[in-house]
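Each protein sequence line maps, in turn, to chains B and A.
Note that the first sequence covers residues 297 to 666 in the working numbering.
Note that the second sequence covers residues 565 to 1015 in the working numbering.
Wrong hints could be hidden among the right ones.
FRET-style restraints, in silico, Cβ to Cβ [stated by the list, open to error]: (1) A:761 x B:305: 18 to 28 Å; (2) B:395 x A:993: 28 to 38 Å; (3) B:389 x A:883: 43 to 53 Å; (4) A:881 x B:367: 42 to 52 Å; (5) A:797 x B:360: 22 to 32 Å; (6) B:367 x A:884: 15 to 25 Å; (7) B:310 x A:623: 30 to 40 Å; (8) B:435 x A:723: 46 to 56 Å; (9) B:367 x A:1009: 54 to 64 Å.
FYI, nobody ran anything at the bench for these hints, they're computed from the structure.
All residues carry an ideal CB built from backbone N, CA and C; glycine is no exception.
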Amino acid sequence: MAEEKKLFKVTIDNITIEVEPGTSILNAARKIGGDVVPPAMCYYSKLKDSGGKCRTCLVRVAAGSTADPRPMPKLVASCRTNVMDGMIVENITSPAVQEARKGVVEFLLINHPLDCPICDQAGECHLQDLSYEHGAESTRYEFNRRTFKKHDLGPYIQLHMTRCILCYRCVFTADQVTNKRVHGVLDRGDHSEIATYIEKNLNNDFIGNVIDVCPVGALTDKTFRFKNRVWFTKPVDAHRNCDKCCGEVQLWMRGDEVFRVTARKDEYGEIKDSSKGSTGWICNECRFEKKNASDWVIEGLSNISRHSVISQGKYPGLVKPNETVVEVMNGHAPRLMMNIHSVSEVNKPEIELSKIAGPAHSSDFNSNNA
Amino acid sequence: MGVKLLLEKAHVENIRLYDVYRREGGYRSVEKALKTLSPDQVTEEVKKSGLRGRGGAGFPAGMKWSFLAKPEGVPRYLVCNADESEPGTFKDRYLMEFIPHLLIEGLIVSSYALGSSRTYIYIRGEYAWIVDILEQAIAEAKNNGWLGKNILGTGFDCEIYVQRGAGAYICGEETALLESLEGKRGNPRIKPPFPAVKGLYGCPTVVNNVETLAAVVPIINMGGEEYAKIGVGRSTGTKLISACGNINKPGVYEIDMTISVEEFIYSDEYCGGIRNGKRLKACIPGGSSVPILPANLLLKTAKGETRYMNYESLSDGGFATGSMMGSGGFIVLDEDQCVVKNTYTLARFYRHESCGQCSPCREGTGWMEKILLSIENGKGKMSDIDLLWDIQRKIEGNTICPLGDAAAWPVAAAIRHFRDEFEWHVLNPDKCLTENYGLRHYADPIHVPVA
Chain B
297 MAEEKKLFKV TIDNITIEVE PGTSILNAAR KIGGDVVPPA MCYYSKLKDS
347 GGKCRTCLVR VAAGSTADPR PMPKLVASCR TNVMDGMIVE NITSPAVQEA
397 RKGVVEFLLI NHPLDCPICD QAGECHLQDL SYEHGAESTR YEFNRRTFKK
447 HDLGPYIQLH MTRCILCYRC VFTADQVTNK RVHGVLDRGD HSEIATYIEK
497 NLNNDFIGNV IDVCPVGALT DKTFRFKNRV WFTKPVDAHR NCDKCCGEVQ
547 LWMRGDEVFR VTARKDEYGE IKDSSKGSTG WICNECRFEK KNASDWVIEG
597 LSNISRHSVI SQGKYPGLVK PNETVVEVMN GHAPRLMMNI HSVSEVNKPE
647 IELSKIAGPA HSSDFNSNNA
Chain A
565 MGVKLLLEKA HVENIRLYDV YRREGGYRSV EKALKTLSPD QVTEEVKKSG
615 LRGRGGAGFP AGMKWSFLAK PEGVPRYLVC NADESEPGTF KDRYLMEFIP
665 HLLIEGLIVS SYALGSSRTY IYIRGEYAWI VDILEQAIAE AKNNGWLGKN
715 ILGTGFDCEI YVQRGAGAYI CGEETALLES LEGKRGNPRI KPPFPAVKGL
765 YGCPTVVNNV ETLAAVVPII NMGGEEYAKI GVGRSTGTKL ISACGNINKP
815 GVYEIDMTIS VEEFIYSDEY CGGIRNGKRL KACIPGGSSV PILPANLLLK
865 TAKGETRYMN YESLSDGGFA TGSMMGSGGF IVLDEDQCVV KNTYTLARFY
915 RHESCGQCSP CREGTGWMEK ILLSIENGKG KMSDIDLLWD IQRKIEGNTI
965 CPLGDAAAWP VAAAIRHFRD EFEWHVLNPD KCLTENYGLR HYADPIHVPV
1015 A
């Protein structure tokens, strides 16, 4: 009989779960799910060595393990700290964690341009979600925000370095998914930036995936740029036979028009595994070149969390509520709204409202002025 | 006159050269260690000596060595951290420049103890000329049979390589140093795993400061127990202090950790008093990242006891009323110095040297610098002082490596002890551009409540 694998018992916010040794606190929390999951801006389960940098997933370890129940002296990055048997972790139950996380969100935002109204990532931006949940309502930062010299990354990918939070996900993607990395982090400190050296174009079949892993709007799809807001488009799962990648994608459509193609993502915004079992990275051809609905076999609406702005009005199986106006009006159909100005004797129809400077006042309709 | 172990022969003419160094008794410790002691016995001697890391954190060196994992068939490395870039610290530079063979000797003994056949010296890029000095010393040692294959016929092989950094303070952090040594971007690694398990090229590695490794030589020569008798309590042996600022005799001094801070500043053997007969206002006793102390708390602890130049006494009172021994960069400020400006200068340094990997340090250091600059220029608000306090609190302890803490502590200590000077800057926006706050009450005796 095969020996049974020993599982580690870990308690996160008073919820106990058994996980395999070598699991990180973050992944243990994801197994529990819900509010106890720390937010993660830089960790990406599909990318080796990612995480530990953004510090939003900090948690307090109240007891290290059954063998050594001492608390850890500092808050730890839950994405890079593995569980021990008998570990007790505090996330939302620790005021210190909440305070530190609020601080981290503030740090991430002080140099972020907050140009959400013109940013293509708005609506699916992790930094938006994070600051909505954990941030302060106003900033205490009174200085100029950091700006960068523009770098051109070729015809497909748009880099907005000012929006970058330096999570390094794209660097790991370029390292691990593509066969040759041509971009990385230059310089250091608050002036460090993601860039290609000497304006070298990114030309690799899988480099488009950096757009999907970017948690903010620093790397966006040039073929989708300014075309539409994501919440106006309808995400559907689709596939095609591709000899380079799994070909399983998400189409962002409006009517029959395909606005954008991305990989399929899970509830944590990470690329899902394909039906073949490996991570569902998609190739540049699928992402940028196949923009006709006829290129794809559409499987159906994607399942989007109902808390996301993207799911607005797109619930599958939505039942239209019954019309109640007729009922409450004793069988009368509602009348159309009318422009009463043109039929009213009171407000002098000969006065054209559009010619009045500013809002109309009663004096504008006074007969002496007419 | 205190005991001298490291700088005893520093003034012998041409001690930099092998022949002179050997004539003065150099390389005895290598003979003793390799011929009469096993590697574990050497580690045991270092443990017994109570030697604490001289790079800043003060972690017991022998303990660090005993943590080194020793799996079969995997090479182990010893790396000497000579990336001395802390503002105010220049002791390693002195040691390497004038007595390079002392470091080489310490490295050979330590490599023997740890089983490192390839030992690296990672040296600060700005110390370009010292690389030549060290490489010459290594060549001399090799020519005389102290390095290479089968040293002294014991079967122990060892080579020492010198690697220059490229001018980043962060590469003095041990894991960033290892990354840089491997040829990568000098970003600190996330710990665990610690270097003792997975260090250079994924192999068990010990990283020690130059002074720590040099101190191994007298420890082996005189024995760990004898070495432990020098100094007080857990501050054993001697420590190099690089003194600078407004003092009459800036320079590198070796102390045996039994003298008081007052004696160190005012005696002619050491700093020789404050320059131009001015009065002492404040001091950063252990390199730029440790908390600054006003004169009254520097000379006496909060309990009213005399403060001594050793690990325990300098940190007496914790961060509330104490500081740290740190790396031994002793920076003295006289009554004409502005603490706000000094804090701004340090904040600017940390902003510039942050690696940018984790968000609190990358964003917070720049924010603190900007606020400090506006206060210094008379454009600050009262609320800025509380904001600074809040920012440093949110950086400290929340970063990957200790640089975040090092950036937060000086700001925290300056506000803690010199808040009225910050407030004076805010309340006198014009005056603060032309005048200094001066000494005020910072040297007044502290009222000690009767226990």
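- Task: Confirm or reject the claim that residue 761 of chain A and residue 305 of chain B have a C-beta distance inside 18 to 28 Å.
- Result: holds, 25 Å
- May I ask you to test the hint 54 to 64 Å on the CB atoms belonging to residue 367 of chain B and residue 1009 of chain A? violated, 39 Å
- Message: Can you tell me whether the CB distance of residue 367 of chain B to residue 884 of chain A sits inside 15 to 25 Å?
- Response: holds, 22 Å
- Between residue 797 of chain A and residue 360 of chain B, is the Cβ distance one that fits in 22 to 32 Å? Because 29 Å falls inside the window, the suggested range holds.
- Item | Hint check for residue 367 of chain B and residue 881 of chain A - Cβ pair distance inside 42 to 52 Å | For residue 367 of chain B against residue 881 of chain A, whose Cβ atoms are near 24 Å apart, the range 42 to 52 Å is violated.
- Task: For the range 43 to 53 Å, tell me whether the beta carbons of residue 389 of chain B and residue 883 of chain A fit it or not.
- Result: violated, 28 Å
- Message: The hint says 28 to 38 Å between residue 395 of chain B and residue 993 of chain A; measuring C-beta to C-beta, is that right?
- Response: holds, 32 Å
- When you take the CB atoms of residue 435 of chain B and residue 723 of chain A, is the distance between them in 46 to 56 Å? holds, 55 Å
- Between residue 310 of chain B and residue 623 of chain A, is the Cβ distance one that fits in 30 to 40 Å? holds, 36 Å
Going down the numbered hints, you'll see the structure goes against 3, 4 and 9, while the others check out.
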